Structure formats: C-alpha cells, structure tokens
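**Q** Next come the chains, spelled out residue by residue.
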Amino acid sequence: MQDSFRIGIDVGGTNTDAVLMSERNVVTYTKNKTSENVTAGVVEAMRMVIAKAEIDKNNIHAVMVGTTHFVNAFVQRKELTEVAIVRIGLPMTSGIPPLVDWPEDLRQTLGQHTFMIAGGSYYTGVDYIPLDEAALESAAQEIKKRGLKSVAISAVFSPIRPDLEERAAKIIKSISPDVSITLSYTVGGMGLIERENAAIINATLQHLAKNVVSALQTALEELNLTAQLYFSQNDGTLMSAESAIEFPVMTCSAGPTNSIRGAAFLTNLDDAIVVDVGGTTSDIGVLLKGFPRETIDAFEIGGVRTNFSIPDVLSIALGGGTIVSFDENNTVKLGPESVGFQLTEKSLAFGGDTLTTSDIAILRGSMTLGDASLVKNIDMDKGAQISSAIHNLIANAVDKLKISAEPVPVILVGGGSVLVDSKLSGASEIIKPEHGTVANAIGTAIAQVGGRVKKLYDFGGEDGRDAAIEQAVNEAKANAVAEGALVDSIKVISIEEYPMTHIQTNSVDVRVRVSGELDLSSLRK
Amino acid sequence: MLIDNLEMVKDLARGAVLLGTGGGGDPYIGQLLLQQQIREGRFVELIDASELADDALVVSIAGVGAPTVLVEHLQANDVCQRLLDRMERYMGRKVDAIIPVEVGGLNSIIPLALGAQVGLPVINADGMGRAFPHIEMTTFSVYGNTACPMFIENELGDAVTIEKTTTDRKTEDIARVVTGTLGAMVYSSLYPMSGHDVKTKAILGSMSYCLEIGRGIREARINYDDPFEGLLKILDQPENDRHAKILFDGKIIDTKRETRDGLHVATIKMIGIDDPSDVFEIEVQNEYLVATRNGETVCIVPDLIATLDRESAEPVTGEKLKYGQRLKILGLAASPIMRRPECLEVFGPSAFGLSEEFICVEDNKIK
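Taken in sequence, the protein lines are chains A and B.
In terms of the numbering used here, the first sequence is residues 16 to 540.
In terms of the numbering used here, the second sequence is residues 110 to 476.
Hint data in this document are derived by calculation from the structure and do not stem from the laboratory.
Take every hint as true, because none was put in to throw you off.
Computed cross-link-like contacts, DSSO-like style, restricted to lysine-lysine with a CA-CA straight-line distance of at most 30 Å:
#1 A/K415 x B/K431
#2 B/K360 x A/K447
#3 A/K415 x B/K378
#4 A/K438 x B/K378
#5 A/K348 x B/K354
#6 B/K365 x A/K417
#7 A/K417 x B/K431
#8 A/K397 x A/K361
#9 A/K93 x A/K164
#10 A/K415 x B/K360
#11 A/K438 x A/K417
#12 A/K93 x B/K119
#13 A/K415 x B/K429
#14 A/K72 x A/K46
Covered by chain B, according to a simulated footprint, are these stretches of chain A (three or more residues, beta-carbon under 8 Å):
#15 106 to 118
#16 136 to 149
#17 194 to 208
#18 417 to 423
Note that the coordinates shown come from a computational prediction; the quantities given were computed from them, not determined experimentally.
All C-beta atoms, glycine included, are put in the ideal place defined by N, C-alpha and C.
Can you build the whole structure from these sequences, using the hints too?
**A** Here is the structure:
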C-alpha cells in the first residue's frame, strides 16, 4: 500500500504554518507570514509544503485548514450579511428583543429584521403554548420579500426541544428554499440571549464562509489535488467543508485548539497543560483526555455576548517580544507592550535599543538567535531576576487553569517557548517537544472527526441517569459518523453534567463529545 | 436622580452583583430589560423616601424562581405591569412608587425596568440591604408589614393570589410551591405599604449606594493603581455607618458544591496569595453566609461577604467561583437596622441553621 499524506495548515494572526504528514510522521513543514488574502496564503503554503516533500500529489488525501478568518471578519465587521432573526418564545421574552445589547454599528449592519413568534418550552420539555405556524409562514413571506438570504432561528429551551427550531426551519424553507438557516441549539448552550447571539453571528458569516470554501476548493483543483478539504473546529476535531459553510463560528478558536492537540500528539500525553508562547502573547490551555478542555462561561466576541463552545484558554501578555522594564522599586515589569514582529529590529540582541524577553533568553544561553555579545552587558543577576519573573507569570497562569493543586505536566510549544529554561512551580515536568514551533499545524493535520451533543436530559426516567447518558453518547456518535468518522474508531472524549440550580428537577444539562478516525475509504472515492 | 443611560445601568448591575453577596441571580437579564426601556426613550426616576407622602401607596415587584429558567424565559414586557394592575385593583387605588425587595442581584433592577416602563418612581431604599433567599427576610416584615396580599403571575397569564397567611415564612413556602407549578420562574407584586412605613422600616439610600459601588469600581480602575483603594473609600465610611475591610487576599483551592432542596450549597476554600498556611473558607447557601479565617469567624450573615477579582475588583457571583481564581474578599457591615436583635432572629446566623453568634465585621481582628 502506498503512503497516504495529509496537509495541515494553520492560519494564525502572524504566521501561516503548514505541515505535510504521513501517518504519524512529519515529512515537511513551512512557516510563512500570514497574507492579507487568506485564500492566496493557504494556496501558497500548500504549494510550498508539497514542493519541499517531492511526493506524488495523488497520495495526498486530505487537506485540513485551521483559520480564525471567519471570526476575525466578525470582529472587524467585514463581509457580513443582513440576517433575519426569528425568535420563538412569545408570550415569554418580549421584554428583551434580539440585539438589545449589540453594538450600534452591528445593529445597523444586520438590519432590523426581527420576527417574534409564539411558541416555546418549559424546562420540563413541555410546550407552554403551541408553535404559531401561521405567524412563521407570514414571517417567511416577509423574509422572501426583503430578499434576505441568512436566517437565525432561536427558541425558548431549544436545547431540550430542538424540534421547535427544526419545525420553524422547515416552514421557512418551504417558502424560501434558497435561504441558509442557523438553528440556535446547534451552536449555543443554555441561555437564550447568548445562544441566539451565537446563531446570529453564525448566520451573518455564512456568505463569507461559502466564498472562502469555494475559493479553496477551486484552488485545490488548480493544484491538481484530489484531496478532500476539511476545517478544524473549536473542539479540536474536523468538520467537512460543507459543515464549515453551515457553521463558520465553529472554527473561531481553531488556533489555540490546534496547538493543544498538536502538543498532545508530539508528547503522547493525554492530560497536561499546554503553553503556546508566541511573540506578543501566550495561550495557555488544558489538555484533558487528549482534547482541549472547554469553557461553559459566556464570553464576548466583537462586543457581543455569546456562549458557543470554545476551549478554556487563558491569554497572557507575554511572548518573545515582550518589553522588559523596571518600576520605581526596581521590580521587574513584563510588558504588556511587545515589539511584536519587529523583534529583529528593536531588541538589544539585534542591535536595537529595547530590552525584551528574548534578550534575556539569549543572555542565559537558551536561545541562539541574534548577537549574544550585544546583551553581555546585562548583569547576570538581573537576568536571573527577569527570568524568574517570566517563570512566575507563566506558573501563575498555569495554576489558574488547573482544577486542583496536584502538579501536572506542562508542555511548551511555540516560538517563544525558549523563555522557559528552568522549573515552573506547580509543574510535575516540563516538556518541549521536537517540531513544537509548528504544533498548531500538526494539530490540524492529525485531527479526528468529531461529534457532539448538548441537551437537557431527564434523569428521572425508568433507568435514570445511565439510560440518559447512554442515549446522549449514541446521539453524539451518530453525529460523528455523519461527518465522516469510522464508526468502529469512535471514542468518547468527555461527558459533562450540569444540574440546574435553585430548582428541584430531574433535568440535567448533558454535554458529550466523541471523536473518531477519518474514514479514508470514503475520502478516496 | 434620573437613570437614563447605559453606563448607569451597567454600574447598577455591577453594584448589584457585589451586594448580592454571591447570589441573588445574575443581574444581567435585569440590565437588558432596563437597557431596552432606555433604548426606547423611557427613563426611571430614583427618589428618596423623604419625598414620599406618608399615605403614599408603595409596593414591591420581584422575580421568584430559578436563574437557569430566567435565562431562557427572559421576561414578557407586560407581566410586571399586570402585577401592578392587580395590586391596584385590590387596594382600590393607584400605586405611587415601587420599592425593591432586595438591593442585591436581579431584583434590584427589575423594579427599575418596570418604573421606566410605566412612569413610576422607584424608591432609593429596599428591605434586605443585600440579597436573601426568602421573602420573609426583610426589615418590612420584621417591623410589622406583611408580604400579603402577594400577587403571582407567569408570562402566560396564570395568576395566583396569596391573600392572607399567618406568617411571611408561610407566604414564602406557598410561593415556592406555586412557582414550581407555574414554570419555575414567576413575578410578583407584594409588600403593599405606606410612605410612612418606608420611611421607618426600609433600608434607606441602598439603591444609590448600589450605583455608587458600581460606578466606584469602574472609576477606581482608572484613578488608582489598586482599585480596591478607591472602592474602600466608598465602602468604609465609619462616620456614615459604613464599615468594610478586605478580609482576605488569596486563591481558591477547592469548591465543594451540591444542590440541596433547590438551594445552591457550597464551601469555598482559599489560601493566602503569599502564605499557603493562611486558610480562608466561605459557606454558601445561594448567598455567602459565613467566612472564617484559620478557623475563626470573620464575617457572618447579615453582614455582607463579597468576592472580587483581585486585580480588576470586578465582583464575581458564587456560581462562577472555581479552582485557581485569585480573589480579594470584602466584608461589609450590614445597615445598622439589620443588626438589631429582632432582625437577627429573622435573617441572622440562626435563621440559616448556623451555630455561631453574630459578630460585627468591623470588630474582627483583621486590620
């Protein structure tokens, strides 16, 4: 059997990294500056990494892309489309219509196309009022009349009653067949406002996602590649190009996620803390059973509060370009400013006049870039003092993400990982894997296909909790198979249960994630 | 004082989290309700109790139920208005002003949203001076007013009236049962009282205090290297019966949680930032009840315990506490009226099954 190759590409804010892998081996990798035109940058990265490897293109079976492009477009308000917002909830919810807490400019961009419909469920899963299908029909007519192409549908307690949103989608599709629809239960968690916001953000990005995906597919054809195109999503698993068009928000945290997954792969560890030290910031995340731990807290994106699933990542202002100074008490002050990509012009070791963390690494002999003679005037004790401040900053951030005081392994990846050259308190060991500087691209290339479920389940049934959990796991597995996972390879990543507080009920918010190997036989079709 | 802009609303919500002393429900939904009123050009006037006629009719408006349900149901734009109507029909006269039951958490903002909507003033006072889990835990109740008649309604229009009970604790028990049946999140109009009652029984000035705290935290971040320095200037004014101190500066090392009888029950354990042998614990029953440092009680209900991010001074609710968080813990003296023996009987340590005696937070040994 011939080798089967995969290309993983991680498009970061600064660098676009690409890696070509065969099974578990890194064949070649490249690192380039991210270009203004994301598609062109990805194509160039592919071209370079293939050229370096000198292999038969026909043996490249999958190209995986991790990019924060879509969410950046939302933050920068670029290429967003107007969205029809359909909320099923009346007579509840009317005191807080959609978009109340959105920045004014985004309210303008999205237009005011809100449709409030009667319907919704109690936390028990029982309808409090029948779904108003007639109102949905006239909303659909209006959506058609206004020429809207993207629709976001939300419903009260849809995580336990997804059928409410499904039925609404069917009615709208029957009148406006060519609209793309985002159902809130598929993107967000409990909390109508945050979930509805997630659906709206997703809906407003679908048009852009469609353009980017089809441009990339055309590019693959032009490169004579028969490989399937995949996108990495926030949880570290893959989704098909078709799903990426449908769920652009699911790609928004691919960068940190892929670093964590890459770190797991390079170290063979399943449980650790991963520190990805870049030029300006460090991203610190938790590796739990081989995947990034997710956060359930609401967060803001581009000024909008939402709660779709993202990895629990803490970013601190510390990187290889971080500026070092001293305050009036002669205490070390790290950043938060950084010389960023101007490291090779501004820092001391490169002939500049700014003391950076990299200068300290060079002074201490843990980094071989630059001219060591230019930093030799720095007092070694002072260097040690600064280095210990760097170690303390990272150790504190690591500690914030731990769930107990128990020491854990810490994996360091990214270009700035040389800043750490001795022990970190709270770490059982420190590991700096080979190829760690392209851990993110590797994480993209080795990704598996994911499936998840996130719903309220009734633990009060005949077989109680066990039966409910089993049902949730089966639903998640079915979702993974639908995305292209080999059914026999599917493993459960996590099962989380969140009981409702302030209330006596058997309903429990259950979240299950599974993943499995890409079904290559389906790719070679 | 006219509440007419988003910044004030956010300040109020921030203050309400601090005064919610860990619980009270996240005021975010309340903030959105009021934000929508202001967006539509309807503002609310906060008035001092002294501006009320003695025979004015004042009522409270409060949400009762589960925060997890609230974040799905949000609120119908007419449910509180209907509750006000029912109270007026029963009393046979117009309501003159609304008074919040509690200044902490969600129920501090809901009356403001209604006041903006119907054009009624909200009184700068409340009945709890913080958040409490039960309806009867108010100074109104301690000094002879009753929560009844209490009108309850959900957004669908299912309406219940608790006309008369023997004690406000009984009203609470009935309201809990009714709430479960009506979808686990309902609204109520309750505690009808006179302007004179408010002046003599309420905790006066508490709403502007809430706003002052929220604004103070925001401004202290700009004006001070350590925002706590600015915040304490507001919270600790002995000449105005305000006492506050930083009880602890540390990190969470353990959180034990369970849901018991519908209550969020937890123990939060912390150690000192620089001294791991310095141990601090907080007992939680929806709200924070008692804080101990190295085994010694340093703050106990009804005095207030607040958990704040140690750098930004942003107040954090109890449900969001987790391992590794760095917090400063503040202890705040409850209003003097709340520390009287008859009040301690209703919402002091023994009312929550605690065996410790009440001690004033300003009398503990912490400097």
